[in-house]
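Line order of the protein sequences matches chains A and B.
The numbers in this note's numbering rise by one with no breaks, and the one at position 45 of the first sequence is 45.
Count along the second sequence starting at 1, add 1000, and that's the number in this note's numbering.
If you are wondering where the hints come from, they were derived from the structure by calculation, not from laboratory data.
Predicted model only: the values in this text are computed from it and were never measured.
A virtual CB, placed ideally from N, CA and C, is assigned to each residue, including glycine.
Careful, some of the hints might be misleading.
[What the hints assert, rightly or not] Far from chain B, some chain A residues (derived; all Cβ distances over 10 Å):
(1) 22
(2) 23
(3) 38
(4) 40
[To be verified] Label pairs and their computed distance ranges (CB to CB):
(5) 20(A) / 1169(B): 15 to 23 Å
(6) 1308(B) / 3(A): 58 to 66 Å
(7) 50(A) / 1345(B): 20 to 28 Å
(8) 1340(B) / 20(A): 47 to 55 Å
(9) 56(A) / 1085(B): 34 to 42 Å
(10) 56(A) / 1055(B): 50 to 58 Å
(11) 18(A) / 1158(B): 17 to 25 Å
(12) 55(A) / 1054(B): 49 to 57 Å
(13) 82(A) / 1154(B): 34 to 42 Å
(14) 7(A) / 1282(B): 18 to 26 Å
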Amino acid sequence: MKSALRRILTESARLDVPADSLADDADLYAAGLSSLATVHLMLAVEDEFGIEIPDRMLTRRLFSSINSLAGAVTELQLAQAAA
Amino acid sequence: MNASTDIAVLAAVKAEEAAAVAAQIVEGVRQASAEPAWFTAARRVAQVAALHAAAVDRDARFPVEAFEAMRRERLLSAMIPAALGGAGLTLAEVARICETLARACSSTAMVYAMHQSQVACIVDQGHAIPWQREMIARLVDEQWLLASATSEETIGGNMRTSACAVELIDGAFRIEKLAPTISYGEHADCILVTARRSPEASASDQVLIVAPRDSLVLEKRGGWDSLGMRGTCSESFRLVAEGRAEQILPVPFAQIADQSMLPVSHTLWASVWIGITADAVNRAHQFFRAQARGKPGALPPSAGRLADAVAQLRMMQARLKVALDAATEASSERIARDAQEACDFDTPLGASLSLASDMNTLKLSISSTALQVVQETLMICGMAGYKNNTDYSVGRHLRDLFSAPLMISNDRIQLNTANLLLAQRTPATGRI
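Could you put the whole structure together from the sequences, leaning on the hints where they help?
In structure tokens, the structure reads:
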């Protein structure tokens, strides 16, 4: 999942550094993630993993690192599987 | 006609004049008692501004007289909360001041509006920091004028990125910035400057630095000979600021821009554009009435345009009111969150995204509609409107308003808004 997230970051987040060089817990905002880029990142994540991120999860924390994104995707996939 | 009837006629005329003067005084007293002191003060400043508006425009010079009057009336601290020494006016009240000033002199009103968005940044984001509180106190005491340096030569107009960076050594910093425009930079007592957080930080990882005049060196690199808004003196500079770490606001600039700068600047700019439009519509109305008096019984051919211009102006005012309500609500929600010490990190982004797109669409619609309406008033006033220095001139209004779609380009705002709408699942069409 994290390699898919790195690919999405490369394609849609327009970071200042290559996504491959980022640690799982690296601060994405510090890597140049702008608020407009988060919108495209969100749409790409939803499309890739077939989920819809609810408004309550749409926070700065969600986009803060690859770990936090992966955590949210897992949580939403589990919730979908249970439903 | 003999001498005695002459005297009788004269006496009647004098009596009529005296009655008119008395009526004016009564009306003045009525208005004064109905109207809050800050609004009367704004009208007094507007009178001064109107007197010099033509010269300010002709010579592309700063509206010195209006700002002297503004300092006398203490309007520069109008939006600072009473607890910090200001008048504590609401955003909607300051918007009325902007509109009042804009009916007299666009440049005066725009400089005042830009100053207020800088005030909002320091008050919202710095009030808990002793150094910043000290700054706010000086602003109130000395009626400081605040300016902003966000644009940068290699970056262009995108204020959300910077090239220059803060270098902190032992709690002291120095930055150097090539700014293509710092509006009224030469006349400001303090400039708020964006920069990257550190030499290693990415272009969008910005901070905002509060730099009073004594910590600044400004070297003028280019002038301001423009189509309109000539009194804003938006010249280009090389800026060097040196100071202490406390001058740097701790929250990221992205947050300051979203929470304070964007809502205040877009609502107050809109108020300025509405004020300019209102003055042009008034002129067209006066022209229309004078024209109709000349030919009783028949309406001038432009009659429909006037009705349309008034209708559009009223729509603009209503749109502004909706935006002022939204900005006020967002600001009180933020204050409530801060009081609970809730972490911004976990605040859902939905509300701030919808506020941003609402402010953007306000800017897009008011800036373009204002131009359309003033063009209509030119059609109504005809050659009298086209000529400068008549009672019906609207040329300056039109030239000044051509800046509206450019200051933060409407093209860029359109794309940003479309981006924001991508993220919004709830309807962007407002509450019913």
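For each hint, the structure was consulted:
Annotated as non-interface, residue 22(A) keeps its C-beta farther than 10 Å from every C-beta of chain B; the closest such distance is 12 Å. Remark: the non-interface label on residue 23(A) is consistent with the geometry, its nearest Cβ contact in chain B lying 16 Å away (cut-off 10 Å). A cut-off of 10 Å between C-beta atoms contradicts the statement that residue 38(A) is not in contact with chain B; the least separation is 8 Å. Once the 10 Å rule is applied to beta carbons, residue 40(A) is inconsistent with being away from chain B; the minimum gap is 8 Å.
Taking the beta carbon of each, residue 20(A) and residue 1169(B) are about 33 Å apart, not inside 15 to 23 Å as hinted. Between residue 1308(B) and residue 3(A), the C-beta spacing of about 60 Å keeps the proposed range 58 to 66 Å intact. One distance hint, 20 to 28 Å for the beta-carbon pair residue 50(A) and residue 1345(B), holds here, with the actual separation near 27 Å. Between residue 1340(B) and residue 20(A) the beta carbons are some 40 Å apart, a value that contradicts the proposed interval 47 to 55 Å.
Between residue 56(A) and residue 1085(B) the CB atoms are about 40 Å apart, so this pair conforms to the stated range of 34 to 42 Å. Between residue 56(A) and residue 1055(B) the CB atoms are about 57 Å apart, so this pair conforms to the stated range of 50 to 58 Å. Checking the proposed 17 to 25 Å range against residue 18(A) and residue 1158(B) shows it holds: the Cβ atoms sit about 23 Å from each other. Between residue 55(A) and residue 1054(B) the CB atoms are about 52 Å apart, so this pair conforms to the stated range of 49 to 57 Å.
The supplied range of 34 to 42 Å is broken by residue 82(A) and residue 1154(B), whose beta-carbon atoms lie about 52 Å from each other. Take residue 7(A) and residue 1282(B): their Cβ atoms lie about 60 Å apart, and the range 18 to 26 Å is violated.
The structure does not agree with the numbered hints 3, 4, 5, 8, 13 and 14 stated previously, though it agrees with the rest.
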